[in-house]
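Could you put the whole structure together from the sequences, leaning on the hints where they help?
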Amino acid sequence: MSSETASAKNTPSQRQNPLKIWLHQQRHAIQFSLERLWFNPISTWITLATIAIALSLPTSLYLLVHNLQTLTDSKSEIPTITIFLKPNISEQEAKDQAELIADFPEVKHARVMSSNEAMVDFQNRMGSDDIIRSLGKVNPFPNMIIVTPDLTVLGGTEEGMSDFIARIRASKNVESVANDTSWIMRLHAIFKIVNRILLIVFALLGLTVLLVIGNTIRLDIENRKEEIRVTRLIGATNTYIRRPFLYNGLWLGFFGGVLSLLILHLALHFLKEPVAELALRYNTNFSLVGISPVLSLEILVVSAILGLIGAWIAVGRYLRQREVSE
Amino acid sequence: MIEFKGVSKRYSTGQLALYNVNLSLAAGEMIFITGHSGSGKSTLLKLVALLERPSKGEVIVGGRPLNKLSQRNIPHYRRRIGFIFQDPHLLHDRTVFDNVAMPLLLSGLAQADIRRRVQAALDKVGLANKEKNYPLMLSAGEKQRVGIARAMVNRPTIILADEPTGNLDPELAQDIMYTFEQFNELGATVLIASHDHALVERMRKRTIVLQKVNP
Chain A
1083 MSSETASAKN
1093 TPSQRQNPLK
1103 IWLHQQRHAI
1113 QFSLERLWFN
1123 PISTWITLAT
1133 IAIALSLPTS
1143 LYLLVHNLQT
1153 LTDSKSEIPT
1163 ITIFLKPNIS
1173 EQEAKDQAEL
1183 IADFPEVKHA
1193 RVMSSNEAMV
1203 DFQNRMGSDD
1213 IIRSLGKVNP
1223 FPNMIIVTPD
1233 LTVLGGTEEG
1243 MSDFIARIRA
1253 SKNVESVAND
1263 TSWIMRLHAI
1273 FKIVNRILLI
1283 VFALLGLTVL
1293 LVIGNTIRLD
1303 IENRKEEIRV
1313 TRLIGATNTY
1323 IRRPFLYNGL
1333 WLGFFGGVLS
1343 LLILHLALHF
1353 LKEPVAELAL
1363 RYNTNFSLVG
1373 ISPVLSLEIL
1383 VVSAILGLIG
1393 AWIAVGRYLR
1403 QREVSE
Chain B
239 MIEFKGVSKR
249 YSTGQLALYN
259 VNLSLAAGEM
269 IFITGHSGSG
279 KSTLLKLVAL
289 LERPSKGEVI
299 VGGRPLNKLS
309 QRNIPHYRRR
319 IGFIFQDPHL
329 LHDRTVFDNV
339 AMPLLLSGLA
349 QADIRRRVQA
359 ALDKVGLANK
369 EKNYPLMLSA
379 GEKQRVGIAR
389 AMVNRPTIIL
399 ADEPTGNLDP
409 ELAQDIMYTF
419 EQFNELGATV
429 LIASHDHALV
439 ERMRKRTIVL
449 QKVNP
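Those protein sequence lines, which keep their order, are chains A and B. Just so we're aligned, residue 1083 is where the first sequence starts under my numbering, counting upward by one. Just so we're aligned, residue 239 is where the second sequence starts under my numbering, counting upward by one.
Possibly wrong hints are sitting among the right ones.
Claimed, not checked - In silico DSS-like pairs for lysine-lysine, Cα to Cα no more than 27 Å straight-line:
#1 B:294 with B:450
#2 B:306 with B:294
#3 B:370 with A:1307
#4 B:362 with B:443
#5 B:450 with B:243
#6 B:443 with B:284
#7 B:368 with A:1307
#8 B:362 with B:284
#9 B:284 with A:1307
None of these hints come from the bench; they were simulated from the model.
Below is the structure:
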């Protein structure tokens, strides 16, 4: 139909600007989709609960791992390498050697512990002079260098660490090297695996959210076939038909995310007291790392997007089928 | 405005609904299509609304052959048409007001404009006091009128009506016909399929009689 004939009876309000039209349509779709959720409380709550549980599982696992990691990362637990120098090396020579070692990129920090310091430290630790007295005037400790390696430069592998130690051992001043880093390396390796597992769990449960929302929307479409047919007859585009369903998916994802945050906060609150008690017994001031605002936001955004994608797939499938049959 | 050129329609069931129809309607004209049931009146209207495609020939509306209209543009084309169905296809989960408002929501009108226009349309079909009712609470005639209000609320340039007065008593039927006439006077092209000969004659408009096809 040509526009001249069509516009003959168009009123000014029908020719308002496209942005306004679009905004009105959006507003209506938002309102309509929220109303539908509100007036179908049972199916809405079941879907929301499913989504919330599916989201809570990987997030709580993540929080567990995160808490364990902070526990091992705390300052006192930084692994060190102790270099025992040959007995004939003087304190000054030890200092020079420490400076050399400190220049290695793998080294965060290197300091000298002189034989005297070591003796004092030993005395303090033993808490008794008996053994010292039995040693007579001889100080059995050589000068030592305490090295704090930089694990990020070492790449967290045991090969990297043993290469590094071999290089230190090659120096003519070094008698032997004591390495208490392997346990932390192993722990880091375990964390790496756990992180991968976490990623898999996240992906699987994300897929669950997608499927749950997609299926909910699909059922909703089945219930509203007549409505879709009628809106088509009066000239609705696919975009228009799709819109309220997309919002529907978005809300399900978003509110499912909100509910999962609520569950997580309750769970953390439930754990807080026994954890504090345990920390007290271990004489540390460790407390649970909770859900940061950034993490909360991430959960909400991701779940809303998953909802949107789920809805998109469900409506898209339906609209394609209809197009063929029309 | 509307032109049929050698149009035939055979449904996939093998039934021949229209055979070699040639017809021309000027813009702003109001015509009636009569004929026995099964003579293809509904099919003819559906072809104009693009609810069906012809098997042969072409339908031209406003100078544009409909078979050239892409799938994407069909919705926009349909918004200019007010289609009144034999069965009004109302949505039972929303009120009369919301049913009539549907085409306006589609056009993205502001809430205030929608309210005003829906009320005007309901007023015209005599249902101003029923806007909060649900379709299930209405009589067949009232449902039919809600369907008419919905078809006219967006002020279409073409009005297609398939037995619009089938369920109405004679007085109301006459009123509805006058409503169509009013729209026609405002410039809309109106095409009405009806088998109510007495009513059609009283309207004194051009009338086309479809003969049943003998295959």
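To see whether the hints hold, each was checked on the structure:
{"no.": "1", "hint": "B:294 with B:450", "verdict": "18 Å, holds"}
{"no.": "2", "hint": "B:306 with B:294", "verdict": "14 Å, holds"}
{"no.": "3", "hint": "B:370 with A:1307", "verdict": "23 Å, holds"}
{"no.": "4", "hint": "B:362 with B:443", "verdict": "22 Å, holds"}
{"no.": "5", "hint": "B:450 with B:243", "verdict": "18 Å, holds"}
{"no.": "6", "hint": "B:443 with B:284", "verdict": "21 Å, holds"}
{"no.": "7", "hint": "B:368 with A:1307", "verdict": "26 Å, holds"}
{"no.": "8", "hint": "B:362 with B:284", "verdict": "25 Å, holds"}
{"no.": "9", "hint": "B:284 with A:1307", "verdict": "20 Å, holds"}
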